[in-house]
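Listed here are the chains, written in short residue letters.
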Amino acid sequence: MAATMVSSAGALLAMLNETHPQLKQHALYNLNKFVDQFWPEISTSVPLIESLYEDEEFDQHQRQLAALVVSKVFCYLGDLNDSLSYALGADSLFDVSEDSDYVHTLLAKAIDEYASLKSKAIESNAEEANVDPRLEAIVERMLDKCIMDGKYQQAMGIAIECRRLDKLEEAITRSDNIHGTLSYCINVSHAFVNRREYRREVLRLLVNVYQKLPSPDYLSICQCLMFLDEPEGVASILEKLLRSGNKDDALLAFQIAFDLVENEHQAFLLNVRDRLSVPKSQSSESVQPKPSDPEPTQNENSTASEDVPMTEGSSVSTATVQETDPNEAIYAERLTKIRGILSGETSIQLTLQFLYSHNKSDLLILKTIKQSVEMRNSVCHSATIYANAIMHAGTTVDTFLRENLDWLSRATNWAKFSATAGLGVIHRGHLQQGRSLMRPYLPQGGSGGGGSPYSEGGALYALGLIHANHGEGIKQFLRDSLRSTNVEVIQHGACLGLGLAALGTADEDIYDDIKSALYTDSAVAGEAAGISMGLLMVGTASEKASEMLTYAHETQHEKIIRGLALGIALTVYGREEEADTLIEQMTRDQDPILRYGGMYALALAYRGTANNKAIRQLLHFAVSDVSDDVRRTAVLALGFVLYSEPEQTPRIVSLLSESYNPHVRYGAALAVGISCAGTGLSEAISLLEPLTSDVVDFVRQGALIAMAMVMVQMNEASDSRVGTFRRQLEKIILDKHEDTMSKMGAILASGILDAGGRNVTIRLLSKTKHDKVTAVVGLAVFSQFWYWYPLIYFISLSFSPTAFIGLNYDLKVPKFEFISNAKPSLFEYPKPTTVPTTTSAVKLPTAVLSTSAKAKARAKKEAEQKANAEKAAAAAESSSAAANTGKDKSSNEKDGDSMQVDSQPEKKAEPEPSFEILTNPARVVPAQEKFIKFMEDSRYAPVKLAPSGFVLLRDLQPTEPEVLSLTDALSSTVSPAGGSAAGQQGSASAMAVDEEPQPPQPFEYTS
Amino acid sequence: MDPQLTEVSQLFERFKAACVREDVDTGSNLLSKLKVMLTGFRSLPPLFEDTPNAIHELTLARDIYEHAVLLSVKIGDQDAFERDFFQLKPYYTDASGRLPPSSQEYMILGLNLLRLLVQNRIAEFHTELELLSPTALENPCIKHAVELEQSFMEGAYNRVLSAKQTVPYKTYDYFMDLLAKTVRDEIAGCSEKAYDYLSISDARQTLLFSSDDELLQYINEEHPEWEIKNGVVIFQKAKESAPCKEIPSLQLINQTLSYARELERIV
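Protein chains in written order, with my numbering: chain A, 1 to 1007; chain B, 1 to 267.
Hints were generated in silico from the structure; no laboratory data involved.
There may be inaccurate statements among the hints.
Claimed, not checked - Using 25 Å as the maximum straight-line C-alpha spacing, the simulated SDA-like pairs for lysine to any residue come out as follows:
| no. | chain 1 | residue 1 | chain 2 | residue 2 |
| --- | --- | --- | --- | --- |
| 1 | B | K33 | A | K944 |
| 2 | B | K33 | A | L48 |
| 3 | A | K613 | B | Y259 |
| 4 | A | K559 | A | F698 |
| 5 | B | K33 | A | N30 |
| 6 | A | K33 | B | T51 |
| 7 | A | K109 | A | N194 |
| 8 | A | K120 | A | D99 |
| 9 | A | K812 | A | G245 |
| 10 | A | K33 | B | P52 |
| 11 | A | K33 | B | R62 |
| 12 | A | K613 | B | R265 |
| 13 | A | K831 | A | F698 |
| 14 | B | K33 | A | H20 |
| 15 | A | K33 | B | Y259 |
| 16 | A | K613 | B | E262 |
| 17 | A | K33 | B | A163 |
| 18 | B | K74 | B | C190 |
| 19 | A | K944 | A | P814 |
| 20 | B | K33 | A | D55 |
| 21 | B | K193 | B | I122 |
| 22 | B | K74 | A | H20 |
| 23 | A | K812 | A | E239 |
| 24 | A | K769 | A | K120 |
| 25 | B | K181 | B | A163 |
| 26 | A | K33 | B | F41 |
| 27 | A | K613 | B | L263 |
| 28 | A | K33 | B | S43 |
| 29 | A | K33 | B | F48 |
| 30 | A | K33 | B | R42 |
| 31 | B | K16 | A | H20 |
| 32 | A | K33 | B | D50 |
| 33 | A | K33 | B | E49 |
| 34 | B | K16 | A | T19 |
| 35 | B | K193 | B | Y259 |
| 36 | A | K769 | A | D95 |
| 37 | B | K74 | A | T19 |
| 38 | B | K33 | A | F58 |
| 39 | A | K120 | A | S100 |
Treat the numbers as computed from the prediction; the structure is a model and nothing was measured.
With the hints as extra help, turn the sequences into a complete structure.
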C-alpha cells in the first residue's frame, strides 16, 4: 500500500494553539520535520511560533526547536538575516553537518556575516568586535567539522576569510599533507586576501608553521619571508643550509637564492647578502660590499667592479684552506657563490649566455623594415632602431647596427640619443663589459669637447639599461657624470641611467644629486629627474613623494610635472591601502597631469591585486574625467591592476574598446596588452584584432603594440592569427600611404614580437606569483612613450628569458636532457622569413647558428639518429626507452636547437613525433611549461621540479667527469667584426670567454 | 490488543459519557488527556506510519476529534472548533483511502463552512468548497451552507435569517444565531458608508432590531463612534479618505536625468 502523505500542515498548526504544552511540543516536533514541504503554510503562523520561542515558561529545548522552525521558514522566504538570528537562537539544534539546502544556505550566510563583522572590526581598529558568541560558535563548529572531515582547504579558506588565524594554524597542522596545504594557503593569501597588513599576518603565521615542521620547505619559507621583508630570516636559513655538511643543502640554498633573485627585489637581496655572516678566518674587509668602484680608469681590467669582492672572497678562501678547518673553507666557498647569485650576477651572466647562444632573431625582418622606411621620416627611422634594440635585447648581437653604420648616422639629436641608448638594451646585463662597450660614446671626463651631448646622454642612459636593477658598480660613475655636467641632454641621460641602476634602493645621496638636477628647472632634465626619483624610491612610500608633489605644483614645465607625477606614482608601488591618501590627493588635483599621475599611482599601488575598489575607481575616471590623457591612462592602468588575472581584462575593457573616444580605445588596447602580455590569450587577441584596423592612427599603433605584447613568442602552430598578424605588420610597414603613427606601431610591434632573439617573453609575475618589480616598473614607464619615445627602452626591463637552465654545484651548466611532451612544432621558433630578392641575405640565419661544414656533417649523423629514435618509438617502446636511445646517441650533440632546425626537411616526410628532447639550457616557452617532464634515469635530478628558470641539479654520479654546455656556444662569439664598435665587442667577448675553462671536446668520447 | 489503545478507548468511552451528560469540564479535561495520548501513536497524521493497528487507531482518533468538534460547538468555543477541525481534517482528506467514510463527515464539514461564513472569512470558505467533491456538494449539509453564502453575498439578508428554520441538524443552531449577528455587522458596515445619518427608527429597521433599546445597546457595544443626537444616528464620516500616495516626481526626474547623463558618458 502506498504510504499516505499529509497534504497540509494545518492540523499541526492548529495543534500549536492547544493549551497543553505536550501537544505544542508534539506539533513543533512534527512541524520541524515537515517544514521543508509546508513552509508556505507555516509562514502565516510564524508569529505564533515566534511567541513560543519567546515564551519564558516554555522548556528550553522547545524554545530552541521553535527558533529552528522559524529560522527555516525565514530561510525559505529568503529573509536570511532573520533566519540567521533565529538559527542562532536554535543554538545546538542547528546542525552544521546536516546536508540540506537550509543548512548550506545559512552556513554561508553565517560565515559571511562573521567575516564581515570581523574585518569591519579590524578595519575600524576596535579592540574586539562584539560578535555574537553564538555566531562565533557556529562558525567554529563549521571549521571543526571541516577539519574533522579532512576538508582542509575549505577550512583554511573560511579561517582566512574570518580572520581566525588560530583555526588556520590548526587546519594546516592537522592536515594530512602539510606541504600541500601550506602552498595552497600561500596561493590563497596572495589571490584573495586584499588587505596587505592582514596578508602579512597570514604569511607570518605560515612561516611559523613551516619552521615547526620536521622537514621545512625552505623554498616556500624564503618566499614568504621575502614578502614580509625580513632579510634576517632568509639570511639565517641560507646560512644554516650553507654550513650544513650535505652538498644537497647547499644546492637548495642556491636554488632559494635563484628563486629570490627572480623576484627582482634588489634592496632586499642586497640586504640578505650583507647579513650572511663571514667565515671566521676571513678578514672583514671583503664583506664590505665594494668600496666604491676601485677601477674607474683602466678598462683592461676585464672583471668589472662587481666581481671584485667575489674574486677576492674566493682567493681568501683558497688561502685559508690550509690554516682553518675544512668546514669553514667549504662555507666560504659556498658563500662566495651565493653572494654571486644574490647580487644577480650569476643569473644575469647565465641569461646573457643563453640569449646569446640561442639568439634566433631574423635580421631579414629588420632589413625589410629598413628598406621600406622612407629616408626622411625620422619617426620611422628611429622606430626601426628601437625595434632592432628590442629584438636583440640582452643578446649582445649588434650585427644590424654594425652593418648599417651609414644608415644609422642619419639619426641626429634625440634620435642619436635613442640610437646610443639602444646599445644598452642590446647589451643588457653585460655587466662586465658594459663600461668598455659604451666608452666611445661616454662623456670624456672634463674636456667636454668630445662627442655630441646626445650620444653622451644616450650612453649614460644605456649604462643604466645595462645595469638595470644591478647598478652597484655603475652608480658612482653615473653620479659623477650627472654632477659634472650642466648640459641638459646629458643630465637627462644620467638621471634615467641612475634611476635604472639604483632602482628601488632609496639611496639618499643619489636622491640629492637627482634633486639638484630637478631644481635646475630645465624641462628636459627635470622630466628625467622626476622619473628617476620615482625609480629610486620604488615602493618605499617615503615622504619624498610630498616633496615631489610640492615641486610639481610650483614648476611651469609640463614635462617636469609629468615626470614627477610618474615618479610619485612609482614611490607607492605595491603599497595598496597605504597609498590611498596620496592617490586621493593626486586624483583630486586641478592639474590633469597630476590626475594622470594619480592613475599611475592607482595602477602601481594595486598592481596585480585585481582589487575591486581600484578597478571601480579607474573605471570611474575612465568615463568621467574631462582630460583625454587622464581617461586614456585610467583605462591603461586597468591592465596593471589586473595582470594577475589576465582572463579578466578583455571582459572588463571590452566595452571601453568600443568607445567613441579614441584615447579610451587606445588605453583599452594597451591595458589588454599589459595584463595579457606573453599569454597569447585568445580573447585578448579577438579584442585587439578589430582595433588594429581602427580609423584613428594612434589607436592602431597602440593595438599593434599590444597585440605584439600578447603574442610574443607564439608561433603559427599554436594560433594561426599570429601568422596573420605578422603579415599584417609587413603590409603596414610596406604600405607607402600608411600613417606614420601606425607605421611606427607596426615597426615596434615587429620588434616586440621577436624580442630578445625570440627567447624572451614579457612576464610581470614570477613563478611563485610574486610581482616582479622591475618588470612592472619597466612597463609602466614604457607606457609613457606616448610623450617621450626614448622611454620605449624601458620595456626591456620586463623581458624575462624563457629558458630552462640547469646548474650543477659549481653553478655551471652541465649536459642534461629532459622531455617536452608535445609536438615540437607547437613551440618551435617561427620560421625565418624568406628572401624576397636574390641579395646576399641568405647567410643570415646561419650566422647565429652553428659554424659550418662540421655542423652539416653532424646534421647528417643526427638525421640517422632521429630515424633510429623514431623507429624505436614505432616499435612500441615506452617513451622513456625511446628517450634513452636518443640520449645515448645524441650525447655528443652540441645544441638541441641546431638539431631541431637542421632536421626540419625530414620531419615533413614522417609524422611528427609527439615529444621532443630538450637539452640544457633550453628554450621553454610559458605555454610549453606544462609539458616538461624530467627523465627518471638521468644523471642529474632537479632540486626543485620547476619547468623553467634556474634549476639546481643534483649530480647522482659525482665521480664521473661532467660535460658542460653553453660555454662552447660562447666560443663562437669571436666572430669577424668590422667597425670600431665591433672591434671592441669582439675583444670584449673574447675576454668573457677567457674566464670560462675551455670545455672538453665531447666528440672524442663516443665516436 | 495494544494496551495503550485499550486505555485510549476506555478514556474515550468516559469522554463520550461526559458529553452525553453535558459535563463540559470533565469533557474538556478528558479530551485534553486523549489528545496527548494520541500523539503517542505513530500511525496518525502527520506520520501515517503503517503499524498493525493503524486502521483501528485512525478510526478511533477520528472519532475522538469528531466528538471534540461537536463538544466545542456545544460550549460555543469557536477557536477550539477551529483547532479541532483542522486536526480532524487530515482524517477526512489524507486518510480517506484507508478508512470507511464517517457518518458525521458532511455534518462537520458543513459546520466548518458555516463557521467561516459567520467569521466572514469568505475566501477561506471558497477554498474549502473547492476541495469538496461534486457528490459532497449535493449533501444537504453542504448545500445549506452554500445557499446561505449565496444569499449572504447577494445581500438577501432576510433569506439568511429565515434559513434558520431549515437547519439539517440541531448543532447548526449555534452558528445560525451567530450568523444573524454577522449579517447585522455587515449591514451596519454598509449603512455607515451609505448614509451620513439615519433616524433611529430607520436604523432599527435596517439593522433588523425589534426594539430601540436593543439598537442602542448594539451601538454602545459595537460602534461607540456613532453618535445619537435628536433621534438621529450620525455615522462618523470623519474617516478622512486615505491620503493618496504622493508621486516622488522630483526624485524620478533626478534619476532619469542621471541615467541619461551616465548613458552619454559611458563609452
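> Of the numbered hints stated previously, which ones are contradicted by the structure, given in increasing order?
Replying inline: 1, 8, 13, 15, 17, 18, 24, 35, 36, 39
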